[in-house]
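Peer 1: Those protein sequences? They're chains A and B, same order as listed. Using the numbering used here, the letters of the first sequence correspond one by one to residues 17 to 187. Using the numbering used here, the letters of the second sequence correspond one by one to residues 560 to 658.
No wet-lab data here; the hints were simulated from the structure. Check before you lean on any hint, since a few could be wrong.
For each label pair, taking beta carbons as the anchor points, the in silico distance ranges come out as [as the list claims (entries may be wrong)]:
| no. | chain 1 | residue 1 | chain 2 | residue 2 | range |
| --- | --- | --- | --- | --- | --- |
| 1 | A | V118 | B | A561 | 44 to 52 Å |
| 2 | A | L170 | B | E615 | 19 to 27 Å |
| 3 | B | V650 | A | V82 | 47 to 55 Å |
| 4 | B | V650 | A | L107 | 18 to 26 Å |
| 5 | A | R40 | B | R644 | 19 to 27 Å |
| 6 | B | V650 | A | V176 | 22 to 30 Å |
| 7 | B | L653 | A | T151 | 39 to 47 Å |
| 8 | B | L653 | A | P103 | 18 to 26 Å |
| 9 | B | R645 | A | V139 | 52 to 60 Å |
| 10 | B | A561 | A | V82 | 32 to 40 Å |
| 11 | A | A79 | B | A561 | 28 to 36 Å |
| 12 | B | L646 | A | V82 | 19 to 27 Å |
Covered stretches of chain A (in silico footprint by chain B; criterion: 3 or more residues with CB under 8 Å from a CB of chain B, positions within the stretch not fixed) [as the list claims (entries may be wrong)]:
| no. | segment |
| --- | --- |
| 13 | 22-32 |
| 14 | 60-73 |
| 15 | 162-174 |
Glycine residues also receive a C-beta, built at the ideal position from the N, C-alpha and C atoms.
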Amino acid sequence: MVSVLFFAGALGALGGAVGVIAMRNPLYSVLALIVHLFSLAVLFLLLSAAFLAAAQVVVYAGAVMVLYVFVVAYVGGDQESAWEPIPGQRLLAPLLGIALFVELAIAVLGSSLLALGTEGPDVNPGFGDPAAIGTLLLERFLVAFEASSILLLLAAVGAVVLAGRRREVTR
Amino acid sequence: MAIEWYVVLSALLFATGAMGILIRRSPVVILLCLELMLNAGNLALIAFSRMVGNQEGQVFALVVMVIAACEVVVGLGLIVAIFRRRLPLDVDELRELRG
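So that you can see chain A by itself, here it is in the shape it has in the complex (with noise of 0.2 Å):
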């Protein structure tokens, strides 16, 4: 049960990455990743990590993806052109992406870390619940917790400023 959950949750995240970059236009490109961020959440939740799985459902798959498809309808999905700056652009990026999930599966497989072939160790059933989140990251990881919450403040005083509308500027 536990791997057929697996595998589909992994063909699903992979279809919808191949899918993001492989979309002419970018509103099925968004679509395409809000299809990698829900299985991205089965995974999660096999991992026992329930909290983040609700999160990335909310947050991201909610919030984020509105937003995105608020700023694609904004601007237009204007299709891409053909026209390559590099030449053999196209061929090439694919073999260096090759090349680094190569050089990235040496790296993990071979780092020879006792707990890789394992499912790692039993967890109790509170595990990644949000009341041992909520603890460690108000106990624990305070400063970390205050610091992302300035940052969120700064980030979008930013956008505000950024896409805020102008006053006509003299040139």
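Starting from the known structure of chain A, fit chain B onto it as the hints suggest.
Peer 2: Leaving out everything else, chain B in the frame of chain A:
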């Protein structure tokens, strides 16, 4: 499922995202590919936190999500600003800052 499956899948997703950044030229799609790479990192963090058996990796992944949200907000703000100035939305033609 053994942990290495998750880690190899995360490497595959990261490579896919990097490939997308190399291939595509629309800034919106490049931001989407950055999301792919950040999510691959999240998957690896959560897999390793399961492997070690404590939840601190999940807190890291949560912070990565916050960073990703900030990056999206600023990036989309930039794209809207570029669009408002009637500049082309193509990373090869936006080379005014190029050294």
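Peer 1: Against which earlier hints does the structure fall short, listed by number upward?
Peer 2: Per hint list: 1 and 3 violated.
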